[in-house]
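Protein chains: 2
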Amino acid sequence: MDDRKAGGEDVFALLRSVVDVLESSHTLTPSGAVVQYHDPLDLETLLDFKLGDETSADQLMDLISKTVKFSVRTSHPLFFNQLYGGTDPFGLAGAVVSEALNTSAYTHEVAPVFSLSEREVLKASLKLVGFDDGDGIFSPGGSISNMYGIVLSRFRRFPDSKKDGVYGLPTLVIYTSQDVSRKIDTLSMYFLFNYFNRLLVHSQSHYSVTKGANWLGLGTSNVVKIESDARGKMIPSKLEEAIRNSISEGKIPLIVNCTSGTTVLGAFDPLEEIAKICEAHGIWMHVDGLLKSCNMAGATYLFQPDKMYDPSYDSGDLSVQCGRKVDSFKLWTLWKYRGNCALGELVDHAVEMANYFLDTIRNRPGFRLVLDEFETTNVCFWFIPPRLRDCDETEDWWSQIHKVGPALKKKLVESGDMMIGYQPLEHRNLKNFFRMVVTCHPPRTKSDMDSAVGLIEKYGNQL
Amino acid sequence: MDDRKAGGEDVFALLRSVVDVLESSHTLTPSGAVVQYHDPLDLETLLDFKLGDETSADQLMDLISKTVKFSVRTSHPLFFNQLYGGTDPFGLAGAVVSEALNTSAYTHEVAPVFSLSEREVLKASLKLVGFDDGDGIFSPGGSISNMYGIVLSRFRRFPDSKKDGVYGLPTLVIYTSQDVSRKIDTLSMYFLFNYFNRLLVHSQSHYSVTKGANWLGLGTSNVVKIESDARGKMIPSKLEEAIRNSISEGKIPLIVNCTSGTTVLGAFDPLEEIAKICEAHGIWMHVDGLLKSCNMAGATYLFQPDKMYDPSYDSGDLSVQCGRKVDSFKLWTLWKYRGNCALGELVDHAVEMANYFLDTIRNRPGFRLVLDEFETTNVCFWFIPPRLRDCDETEDWWSQIHKVGPALKKKLVESGDMMIGYQPLEHRNLKNFFRMVVTCHPPRTKSDMDSAVGLIEKYGNQL
Numbered sequence: 001m002d003d004r005k006a007g008g009e010d011v012f013a014l015l016r017s018v019v020d021v022l023e024s025s026h027t028l029t030p031s032g033a034v035v036q037y038h039d040p041l042d043l044e045t046l047l048d049f050k051l052g053d054e055t056s057a058d059q060l061m062d063l064i065s066k067t068v069k070f071s072v073r074t075s076h077p078l079f080f081n082q083l084y085g086g087t088d089p090f091g092l093a094g095a096v097v098s099e100a101l102n103t104s105a106y107t108h109e110v111a112p113v114f115s116l117s118e119r120e121v122l123k124a125s126l127k128l129v130g131f132d133d134g135d136g137i138f139s140p141g142g143s144i145s146n147m148y149g150i151v152l153s154r155f156r157r158f159p160d161s162k163k164d165g166v167y168g169l170p171t172l173v174i175y176t177s178q179d180v181s182r183k184i185d186t187l188s189m190y191f192l193f194n195y196f197n198r199l200l201v202h203s204q205s206h207y208s209v210t211k212g213a214n215w216l217g218l219g220t221s222n223v224v225k226i227e228s229d230a231r232g233k234m235i236p237s238k239l240e241e242a243i244r245n246s247i248s249e250g251k252i253p254l255i256v257n258c259t260s261g262t263t264v265l266g267a268f269d270p271l272e273e274i275a276k277i278c279e280a281h282g283i284w285m286h287v288d289g290l291l292k293s294c295n296m297a298g299a300t301y302l303f304q305p306d307k308m309y310d311p312s313y314d315s316g317d318l319s320v321q322c323g324r325k326v327d328s329f330k331l332w333t334l335w336k337y338r339g340n341c342a343l344g345e346l347v348d349h350a351v352e353m354a355n356y357f358l359d360t361i362r363n364r365p366g367f368r369l370v371l372d373e374f375e376t377t378n379v380c381f382w383f384i385p386p387r388l389r390d391c392d393e394t395e396d397w398w399s400q401i402h403k404v405g406p407a408l409k410k411k412l413v414e415s416g417d418m419m420i421g422y423q424p425l426e427h428r429n430l431k432n433f434f435r436m437v438v439t440c441h442p443p444r445t446k447s448d449m450d451s452a453v454g455l456i457e458k459y460g461n462q463l
Numbered sequence: 001m002d003d004r005k006a007g008g009e010d011v012f013a014l015l016r017s018v019v020d021v022l023e024s025s026h027t028l029t030p031s032g033a034v035v036q037y038h039d040p041l042d043l044e045t046l047l048d049f050k051l052g053d054e055t056s057a058d059q060l061m062d063l064i065s066k067t068v069k070f071s072v073r074t075s076h077p078l079f080f081n082q083l084y085g086g087t088d089p090f091g092l093a094g095a096v097v098s099e100a101l102n103t104s105a106y107t108h109e110v111a112p113v114f115s116l117s118e119r120e121v122l123k124a125s126l127k128l129v130g131f132d133d134g135d136g137i138f139s140p141g142g143s144i145s146n147m148y149g150i151v152l153s154r155f156r157r158f159p160d161s162k163k164d165g166v167y168g169l170p171t172l173v174i175y176t177s178q179d180v181s182r183k184i185d186t187l188s189m190y191f192l193f194n195y196f197n198r199l200l201v202h203s204q205s206h207y208s209v210t211k212g213a214n215w216l217g218l219g220t221s222n223v224v225k226i227e228s229d230a231r232g233k234m235i236p237s238k239l240e241e242a243i244r245n246s247i248s249e250g251k252i253p254l255i256v257n258c259t260s261g262t263t264v265l266g267a268f269d270p271l272e273e274i275a276k277i278c279e280a281h282g283i284w285m286h287v288d289g290l291l292k293s294c295n296m297a298g299a300t301y302l303f304q305p306d307k308m309y310d311p312s313y314d315s316g317d318l319s320v321q322c323g324r325k326v327d328s329f330k331l332w333t334l335w336k337y338r339g340n341c342a343l344g345e346l347v348d349h350a351v352e353m354a355n356y357f358l359d360t361i362r363n364r365p366g367f368r369l370v371l372d373e374f375e376t377t378n379v380c381f382w383f384i385p386p387r388l389r390d391c392d393e394t395e396d397w398w399s400q401i402h403k404v405g406p407a408l409k410k411k412l413v414e415s416g417d418m419m420i421g422y423q424p425l426e427h428r429n430l431k432n433f434f435r436m437v438v439t440c441h442p443p444r445t446k447s448d449m450d451s452a453v454g455l456i457e458k459y460g461n462q463l
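Chains as they are written, first to last, in UniProt numbering: chain A, 1 to 463; chain B, 1 to 463.
Be careful, since some hints might not be right.
Which copy is meant is left open, so a pair is good if it fits within one copy or across any two.
Unchecked claim - Below, in silico cross-link-like pairs of lysine-lysine (BS3-like), each with a Cα-Cα straight-line distance of 27 Å or less:
id, residue 1, residue 2
1, 225, 411
2, 123, 66
3, 431, 403
4, 123, 69
5, 233, 251
Rather than coming from a laboratory, the hints here were simulated on the basis of the structure.
Owing to the predicted nature of the structure, the values given are computational and were not obtained by experimental measurement.
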């Protein structure tokens, strides 16, 4: 076999070239545009995506350069879009190591170091939220994590459903806030744990809860959305009322999905009051040590009792997956380097910058806040172009404001100056508004926040 | 904020140090041991896993060096363990890019290049299996993929179950082979597609199907295991019989999970015969274009109709996840570089090496094959130490053979010379045997395969 087939390439020269490309394009220390945006059809003319024939290593490096060039720079300080943010360098170092080793996390035998670092990340995380003897598993995102929660609650209440399915059961009801909720990634979740120093139940959202209800055979119509207050926090008395309604209809309240930082408004549900209601009705609110018996399927070819080490170090049977990427390792490397204090300060700093932005726009012409105060680092606001200021706020006026989001976003993205999300909140009859999401990486400066305000005005005033 | 908190470190110097560590430790071009094995408790004394206080960058690099040192080298030619293998350098290059950019794959807006490269990987893959207008999504592993299949089959047959749950439905039955099946990762699946040039249904296993039946509310007892022939292939007449039994019990046959390369014996179910049975009974056998309507939950904050581009480029609503890692990109980079031909040849070569190993041990003293022929690159065999040869094969003899697997594995791992899996197959009453898994990376040589035979004899003859 020649080198192309045999994998005899100089791997490390290749990796160094990739690092060179990342450096020369300022991927992680950005200057210049947040994104060089092109429509899908245009982009297809700029990169040859087609697979089939081989290319040279130089051609591939050119494609990699273009990939970096035309991708979104999530590490740019003016990337304020939803759901994710920049890269922590020490997390990236861990990610490169785990990708290079190509380890799967299901048994200690094949993942000796990674199985122990995952245990430590879980242990340290549990300590932050005050669980002395909890257990956990890293899962690929919030939607799957929510399904774990629902499956665990079902197993606790109806252990036979694992074997028999849910056919014979009464209808099971899932309660969640009517406000679409934030999908906090694991990392920011732990940062937030530290900052707010209170018990946070894993991220929820009725978007992902609805998907989970479908997948798990419980039905999307059995997700009951509980009314929230002006800030977006679930109203305990409404939950209590919904639970009583379910019971009177012969249904069984199964689980309350609490939200600690809703997706849009960043609200925290009143966990302690909800906990009391859950306790009174025997409803699942949080995850405990049932993971193993709930998920285990005990593949004999993986989890033999005759191992050369204590098989309790294998995590595969806790997971609904089998092989898993060692996603915890990058969290371990960055946490190891930064330590609890610096992580806490990163969160403090993000909150400070969000508050600075909030104070800057609070009474500024053209800006209107969706809420007076926000509980996380999300700041939601409308921008009102000069021609629409001091007008009667009729239905027509609001429908014009609704169009400002897409139009201003288009200008910001086409110029490459900044990325920020917008969305309506239909159940509150709120037209498209912007959502500034301030993450820990990269840490923002006041000058970054001022730039954001300036850019919104620059393009918004033209609309 | 100081640098530690602000992320002002020299990212690229750090990445180059990581590449240096990978190179100096021969991670991807291994010489020396497959693993430097330590028991969990010993390993905890060799690395300080504890999280809490900060460490210096030098201390972290030292921990990273030790992580590499004490991890399993999956790119070593004598790593023959189950489920995964070595790293393709061009795939690694793609992985580093996608980790550095930290992109999530749910909308074209935030993942412009990656959304197009994923489409191309899906298109090229579908072409290999002969689907002209299929669709797909990258999911985090075989277990989740199997759940997609089951959810799709349920939605096609009972679309209202998405909304109502499965409470009112008759019991739904899932059929799968009694042989625990291979969890083919996406990559090797596509390689195998190419090699075998036939329709392969996505990887199945009753281990993961059982987990899926639990999660999806269908119940593990409604997974019916169909008897397989001597080679491990599902017997169509037994499937037909099981389907008739389900119907006579008032149950509904929902899906047949076919297996193309069982986990242990590497058997391919007779897909065409099974397809005829499925067609006759209206049972789901494969995945088609229902992905969207089945999974969609339409979060308005992500999938607005008023976007600046065609929202059909967003993939988030196809997935049960929301944010997803851009796992397809590393497949795109390596496929782009190598091209169809070289990928096909890599598979041919892996099959050739597995067959060379098979021929070498076929009549060799001390080796006994579990099957005469194997359909994938798995080769299953017992090793019989000299003291147990030419003895009566009593129950006691077999119980001694059963102990050879763990004992020989222990010696191979403690010496660090080689890693290979072993397991029993209980439903066939087969005692612990070895399973040589030959993967595409690193491409093995005849000399590697001879070394494997030699090492098994060296340590096995002492037992």
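Status of the hints after comparison with the structure:
no.: 1; hint: 225 - 411; verdict: neither (36 Å within a copy, 58 Å between copies)
no.: 2; hint: 123 - 66; verdict: between (41 Å within a copy, 21 Å between copies)
no.: 3; hint: 431 - 403; verdict: within (9 Å within a copy, 69 Å between copies)
no.: 4; hint: 123 - 69; verdict: between (39 Å within a copy, 24 Å between copies)
no.: 5; hint: 233 - 251; verdict: within (25 Å within a copy, 44 Å between copies)
The structure is inconsistent with hint 1 alone, although it conforms to all the rest.
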